[in-house]
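Let the sequences and hints guide you as you build the complete structure.
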Amino acid sequence: MTNTIGDIEDADVILVTGSNTTENHPVLSRHIKRAVSFKGAKLILVDPRRIKLARFAHLWLRQNLGTDVVWINGMMRVIISEDLYDQSFVETRTEGFDEMKKMVEKFTPEFVEEITGIPAADLVAAARLYAGAGAASILYCMGITQHSHGTDNVKSLANLAMLCGHMGIPGGGVNPLRGQNNVQGACDMGGLPNVYSGYQAVSDLAIAKKMEEAWGVTDLPTQPGLTVTQMVPKAHEGEFKALYIIGENPLVSDPDLNHAEQSLKHLDFLVVQDIFLTETAELADVVLPAKSFAEKDGTFSNTERRVQRIRKAVDPPGQAKDDWEILCEVATRMGFEMHYEDSEAIFNELARVTPSYAGISYERIEQDGLHWPCPTPGHPGTPILHREQFTRGKGLFHAIDYIPPAEQTDDDYPLYLTTGRVLYHYHTGTMTMKTDGLNERVPECFVEISPKDAALYELENGERVEIASRRGKIQARIQVSDKAVSGTVFIPFHFAGAAANRLTNAQLDPVSKIPEYKVCAVRLSRAA
Amino acid sequence: MAAEQRMVINGNDFSFTPGETILDVARRRDIDIPTLCHLKDAVPTGACRICVVDVQGARNLLPACVTPAAENMIVLTESPAVVRARRLILQLLLSSGNHNCAVRGSDGQDWTSFQLAVRSDDGSGELCPVWGDCRLQGLAYRYQVTGERFSATETAYPMETVNPFIVRDFSRCIQCGRCVQACNEIQVNNAIHVGYRGAKAKIIAAGDRPLKDSDCVFCGECVQACPVGALVEKDARYKVRPWTAQKVRTTCSYCGVGCQMYLHVQDEKVVKVSGVEDRTPNFGSLCVKGRFGFDFIHAPQRLTVPLIKENGQFREAQWEEALDLVAQRLGSIKQSHGPDAIGVLTSARITNEENYIANKFARAVLKTNNIDHCARL
Chain P
1 MTNTIGDIED ADVILVTGSN TTENHPVLSR HIKRAVSFKG AKLILVDPRR IKLARFAHLW
61 LRQNLGTDVV WINGMMRVII SEDLYDQSFV ETRTEGFDEM KKMVEKFTPE FVEEITGIPA
121 ADLVAAARLY AGAGAASILY CMGITQHSHG TDNVKSLANL AMLCGHMGIP GGGVNPLRGQ
181 NNVQGACDMG GLPNVYSGYQ AVSDLAIAKK MEEAWGVTDL PTQPGLTVTQ MVPKAHEGEF
241 KALYIIGENP LVSDPDLNHA EQSLKHLDFL VVQDIFLTET AELADVVLPA KSFAEKDGTF
301 SNTERRVQRI RKAVDPPGQA KDDWEILCEV ATRMGFEMHY EDSEAIFNEL ARVTPSYAGI
361 SYERIEQDGL HWPCPTPGHP GTPILHREQF TRGKGLFHAI DYIPPAEQTD DDYPLYLTTG
421 RVLYHYHTGT MTMKTDGLNE RVPECFVEIS PKDAALYELE NGERVEIASR RGKIQARIQV
481 SDKAVSGTVF IPFHFAGAAA NRLTNAQLDP VSKIPEYKVC AVRLSRAA
Chain H
1 MAAEQRMVIN GNDFSFTPGE TILDVARRRD IDIPTLCHLK DAVPTGACRI CVVDVQGARN
61 LLPACVTPAA ENMIVLTESP AVVRARRLIL QLLLSSGNHN CAVRGSDGQD WTSFQLAVRS
121 DDGSGELCPV WGDCRLQGLA YRYQVTGERF SATETAYPME TVNPFIVRDF SRCIQCGRCV
181 QACNEIQVNN AIHVGYRGAK AKIIAAGDRP LKDSDCVFCG ECVQACPVGA LVEKDARYKV
241 RPWTAQKVRT TCSYCGVGCQ MYLHVQDEKV VKVSGVEDRT PNFGSLCVKG RFGFDFIHAP
301 QRLTVPLIKE NGQFREAQWE EALDLVAQRL GSIKQSHGPD AIGVLTSARI TNEENYIANK
361 FARAVLKTNN IDHCARL
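Protein chains in written order, with this note's numbering: chain P, 1 to 528; chain H, 1 to 377.
Calculated from the structure, these hints are not laboratory results.
It is possible that some hints are incorrect.
[Said to hold, decoys possible] Only part of the chain P face toward chain H is listed, based on derived beta-carbon distances under 7 Å:
| hint | residue |
| --- | --- |
| 1 | Leu28 |
| 2 | Met231 |
| 3 | Gly298 |
| 4 | Val480 |
Even for Gly, the Cβ is constructed at its ideal location relative to N, Cα and C.
Here it is as structure tokens:
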């Protein structure tokens, strides 16, 4: 997030898109609901489902799946043509305005309505509302990113915020909501193929030299590596021999699971380090037991870049160890001595080589966490990014055209499927499904369908159906719901026994390599 | 901004900003005015009146939570009149239900019959589930109230136990309204309200249906806000006493909000979770997963020893053997196929320290940049 969670209550207008916030970030959603209910803020919701936030929204724009670039460009066209944009911000803080302006020219409200299904008048109203706000915050999640053109969607939202000068101010910003406790930290710490910790490029020779000195090694690789969505196909082709998986369950969370499973079986050697024998661990050659968060010390970085402590509360079961300790043991056996006293010693080392974390220490975050960048021990942290300038100096407008989703409906697969999470479960369910109460609330997979579609396909609430895509099929119970809009069904991906990802499309965004989980074509039929 | 003004509390001179209540000024200076219904970040209602104070020149005692501080105001927070009023309020509250925290029996003869009546309502032979962790009990002790001044009233509504997370014991509800405010003003789930006005008043959900059939999302904000034993976590009820559990502060391990929470540990087990109040980013709020979804920590399915697969079957192994095997296999694959034939999937679930080590392991030990995690998934 460019801004903080608490900051949401300072916004005059909040635009939420591709985030079912009340179910996936419930505690953050209270700030949205409080802002709207008690502080006079206006909520614009752009989402294909009638999610709970629609009750709080002043405008709910229902777009067709995968058409986000269109409505965003459409809003910008309205804002530019009605001269509602922040001219001084555009002049002093950005570049590339003219190309972007030319690109959005064709996205008239009528054109937008035709492609997205959003009524022209609603689009114009949303554009005026967003542009007219003193401070407007954009909140988005995987509904924006998990598309074959998700990067375009994100850049478009950044365009919109810059156009109206809603950047670098309290109550503003472009705020991705991170779905996992430490997904921010995993990125910050170099858990990515192209960067070391602190987003220092592996291809930068000066950085490589610095890391070589810090780590006492030579010849660090300078070619960016493969993403998870590239490793899996390469394993299938046989080029890729070994995978060391820590605390992940790709055999439920990956797209096009049937293919992913075959790929992992092709590996010569698979190590899985986890707290449970997950579907993925079942395939491993060696499984190593790790501690859970309640059994260890360390830090997580939350969605607002705040680095916070976790603390050991109980002993681990059996012989489970810290993930770092296991890795150090393997490294040492491979001839590279790695020893640390405790997690704090590791933190002190990472702070030395990571400029954005350099000023953070366990002592400083004993009570409240700090927002990175925090470059020096006296620095107060950075709750709001891009206050004076952007990371690259001037903010760059991207001229982005619309590319339809990779898969369309047809006579064989007439319905769109979109996937996501529900309130009561988390990701692949390995943790939440151990709590009886959560299972009682949502015991099994379901397919959410509109009353109209249910009638059309003559399906009853609670009935078991088969859902098939071009890649696979699963069974689930029908849940007739007002949340669904006709033509589109929704399935949560938590359930390994009816894994929605047997259906999803592995088509990747060309830049981010994120799969298109949010759009594919399916058909429903009564289960045999 | 308005100029700073001054007032006197208990003989000491304090400055305040217009708009602050007497309670705000007192709290800021660590003067302990007791409250029951007052809930931070919600609109004060003045409903319980336990916070009444003596304001010079006022005709009646005034509730500190809703009375604005005024220039040259002179306030006494524990005058004899204040103490008398608070004792009366406490006596009324204690007679309003199953408050079997022993204070009310200290001067009476019919404690046994009262306790037996509570037991038949409550199904437990023990004292109230929040004994020792109850604001009403604490105030009764502080003001040395003996609870038998008024005869006990019948409990009008049966306990609700039909949902998996929260027990609603209406016999212990003092109708302070904190749960209603927590639900409507803090989490804004708008699931519970005050119903049936007057003597029959009850906190209701969805036209007086069980919570499980209402808009309730089981965030448990109401449980944390309840100052008495009316709302208690089902699994912790009669199992966790505050003095037997140790609280360890940590960060939630579900979504990316990073809520600050206490793990309550008893007999080496996490038995309850509560939100850390007054601290960013969640100020005490949690969701159903964070508050109730902790069984996985002690689940019997946890991995406890390394496993090695032989002939398609896992067998248990010693750490030494498993680690040697991993190092040897990775080493030989690196040797024969090059470092880029190996990849590491690190995790969005583990710590920064561990991710940093995974990044160092991939790059400095394996010598590959093939490292990623599930941010994309």
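**Prompt:** In ascending order, which of the hints set out earlier in this document are inconsistent with the structure?
**Reply:** Hint 4 contradicted; others consistent.
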